[in-house]
Amino acid sequence: MLDPAQVTMTETTIDKAAHKTPVAMARRIRGLSDRAIAWWFVGPTIILLLAVNIFPLIWTIYLSFTNFKANRPNRDIKYVGLRNYERLLTDTDTWIAMQATAHFLFWTIFFQVLIGFTLAWLINKKFKGNDLWTTIIVLPMMLSPAVVGNFWKFLYQPQIGFFNYVVTWFTGAESSSFEMLGSVNLAPWSIVIVDTWMWTPFVMLICLAGLRSIPDYIYEAAVIDRASKWRQFWTITLPMVLPFLMLAILFRGIENFKMFDLVVQLTGGGPGSTTELASINLKREAFEKWRTGYSSAFAIILFVTVFGLASIYVKALNKVKER
Amino acid sequence: MSAYSITEPSKRVKWIAGILVITYALVTIVPILWIFATGFKTPPDSISYPPKVIFQPSLEGYVNLFTTRTRLAQEDLDALPPPRTWYEAIVRNRNMVIAGPSRFGERFVNSVIIGFGSTFLSIFLGTLAAYGFSRFKVPLKDDLLFFILSTRMMPPVAVAIPIFLMYRQLGLSDTHLGMILLYTAVNISLAVWLLKGFIDEIPREYEEAALIDGYTRFQAFMKVVLPQAATGIASTAIFCLIFSWNEYAFAVLLTSGTAQTAPPFIPTIIGVGGLDWPAVAAAASIFLLPVMIFTILLRKHLLRGITFGAVRK
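Protein sequence lines correspond, in order, to chains A and B.
The first sequence lines up with residues 10 to 332 when you count with the numbering used here.
The second sequence lines up with residues 1481 to 1793 when you count with the numbering used here.
Same shape as in the complex, but just chain A:
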């Protein structure tokens, strides 16, 4: 225990922490070389990641070659070779899930880039109070996707939902005549709408940083050279924001490829399997049908896909940056 008499008024919290450290340990820390400190500092993080990320990954790879079922842990684990992968790639369900994911990915990124860039461009006109409105626009992005998705289900209700009411008000269509979440045609778009609502600010913020990074003198030079506004946009603004925009697309791409919480709350993958994205399909296989071996193979395929696509994309991004 620390003697209160030793504590003087000038001591900082750190000093107190140092006092509380046992003498033997304190002496050892003080005497550490830079090299030792480097390892003591980085080591715990690496160990944690090895235990919670890498070890499970290796286990997943191993399981993907077996017929293991997690709900029957006592059954003999049989090695089945590549059969899980073979079945997976020939299963139409996998391809339906991949197709749903591709549709979701393409359209969310399309709308988010379009609206996000436009908003950033408008905000960059520096009208009065743009900071305040930017903060308001950013809010949806930070909220819990599961909680928000669950509440959007309410907004999407055919009769009582506020979304349907607004659509009715603008188009005159009967509010109970369309079901955003229940109809095979509309459900894929209802998840695109919510994701766009939520994540457009993300693209907007990154674009805004890009626009603000363009120095004024470039535009001044363009004005002196009598370049039209249109020309300025295509030859200065867009090329200089492009690396930022590509970065935003990378982040959104990875996030939406993994998409689970928002959509599972909104549609649960339904109706049928129209909005069953890769992660939702994986969850059904792994935690409802308990086909652990099979779903491990699916997990590995998903990881390789994201990792591969992201690596190729990062190479392209670096080329754009170098220009």
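Among these hints, one or two may not hold up.
To be verified - Keeping only pairs whose Cα atoms sit at most 30 Å apart, straight-line, the calculated DSS-like set for lysine-lysine is:
#: 1; chain 1: A; residue 1: Lys324; chain 2: B; residue 2: Lys1494
#: 2; chain 1: B; residue 1: Lys1491; chain 2: A; residue 2: Lys324
#: 3; chain 1: B; residue 1: Lys1494; chain 2: A; residue 2: Lys134
#: 4; chain 1: B; residue 1: Lys1617; chain 2: A; residue 2: Lys328
#: 5; chain 1: A; residue 1: Lys330; chain 2: B; residue 2: Lys1491
#: 6; chain 1: B; residue 1: Lys1491; chain 2: A; residue 2: Lys134
#: 7; chain 1: A; residue 1: Lys137; chain 2: B; residue 2: Lys1494
#: 8; chain 1: A; residue 1: Lys330; chain 2: B; residue 2: Lys1617
#: 9; chain 1: A; residue 1: Lys137; chain 2: B; residue 2: Lys1780
#: 10; chain 1: A; residue 1: Lys135; chain 2: B; residue 2: Lys1494
#: 11; chain 1: A; residue 1: Lys238; chain 2: B; residue 2: Lys1494
#: 12; chain 1: A; residue 1: Lys330; chain 2: B; residue 2: Lys1780
#: 13; chain 1: B; residue 1: Lys1621; chain 2: A; residue 2: Lys328
Unchecked claim - Negatives, chain A to chain B, calculated, CB over 12 Å:
#: 14; residue: Gly52
#: 15; residue: Asn76
#: 16; residue: Asp85
#: 17; residue: Tyr94
#: 18; residue: Glu95
#: 19; residue: Leu98
#: 20; residue: His112
#: 21; residue: Phe119
#: 22; residue: Val122
#: 23; residue: Gly158
#: 24; residue: Phe187
#: 25; residue: Ser192
#: 26; residue: Pro280
#: 27; residue: Phe296
#: 28; residue: Ala325
FYI, nobody ran anything at the bench for these hints, they're computed from the structure.
Where a beta carbon is used, it is the ideal one built from N, C-alpha and C, also for glycine.
Dock chain B against the given chain A, drawing on the hints supplied.
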């Protein structure tokens, strides 16, 4: 008149831009406002057609959120003494009595414990690792940093399969410790990348001066680097907290009772006879409000946080 810039947008352009942005902001905020409004509606008001924008505010949603209730027959109700508290009166109006507290309180406390626990651990480990990566020659540094980042590319559901099996073996399923460790592992990639950026910005000369003054490396880290990085550490901590707070996939797959956090719990709130939307909205309001406040506090560092430090303003 102040200095005139030829690149400054004209007054008219500013007006048009302002009106368009404000319109978007007002539209985008409606669903959030609707959540908060629905929390103060009565169940019949919440499902009326057309949807009610103006309504008599009521705390029924909040009462329903925190209690479990049972319906009683009229004669049993008449036999009861008059309600003693305002919330009992609200419940009694619906021919029900309070049977006990609901699980929401526990779930909310779980969210707080797991959120703060994992944030503390990620910041503690992350600051050390970030300093190590920033100041020392760590072998394979770039590979390690990329490896730390790539752990974020796995879909959570895919990670959950082996974690589920591992936790079952170790007895960590549905425990606070298990969730704290898992969230720390996820958060640490963000923490290391963000904090490394913040520490990189602190001039090395400060520490070198301290070393010359007779400080050891460790003392220099504690007394020079940490105070300088305080703002960075604080904003990184808030990002980690928001992540753990909002996380759903791991929580729904790996917890079911004792350690369940609020996000998987809120969608399961069901009223007596049909979904109790005011109670759901009340839960969502309580749950989302802290994050909204943090977002406003963080707005200067927001960009950096969401891009893993890739974009710094």
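Comparing the hints with the structure gives:
no.	hint	result
1	A:Lys324 / B:Lys1494	violated (38 Å)
2	B:Lys1491 / A:Lys324	violated (42 Å)
3	B:Lys1494 / A:Lys134	holds (6 Å)
4	B:Lys1617 / A:Lys328	holds (28 Å)
5	A:Lys330 / B:Lys1491	violated (34 Å)
6	B:Lys1491 / A:Lys134	holds (10 Å)
7	A:Lys137 / B:Lys1494	holds (8 Å)
8	A:Lys330 / B:Lys1617	holds (27 Å)
9	A:Lys137 / B:Lys1780	holds (18 Å)
10	A:Lys135 / B:Lys1494	holds (7 Å)
11	A:Lys238 / B:Lys1494	holds (15 Å)
12	A:Lys330 / B:Lys1780	holds (25 Å)
13	B:Lys1621 / A:Lys328	holds (23 Å)
14	Gly52	violated (8 Å)
15	Asn76	holds (15 Å)
16	Asp85	holds (16 Å)
17	Tyr94	holds (15 Å)
18	Glu95	holds (19 Å)
19	Leu98	holds (17 Å)
20	His112	holds (17 Å)
21	Phe119	holds (17 Å)
22	Val122	holds (15 Å)
23	Gly158	violated (8 Å)
24	Phe187	holds (15 Å)
25	Ser192	holds (20 Å)
26	Pro280	holds (18 Å)
27	Phe296	violated (6 Å)
28	Ala325	holds (16 Å)
Hint check: violations occur at hints 1, 2, 5, 14, 23 and 27; the rest are consistent with the structure.
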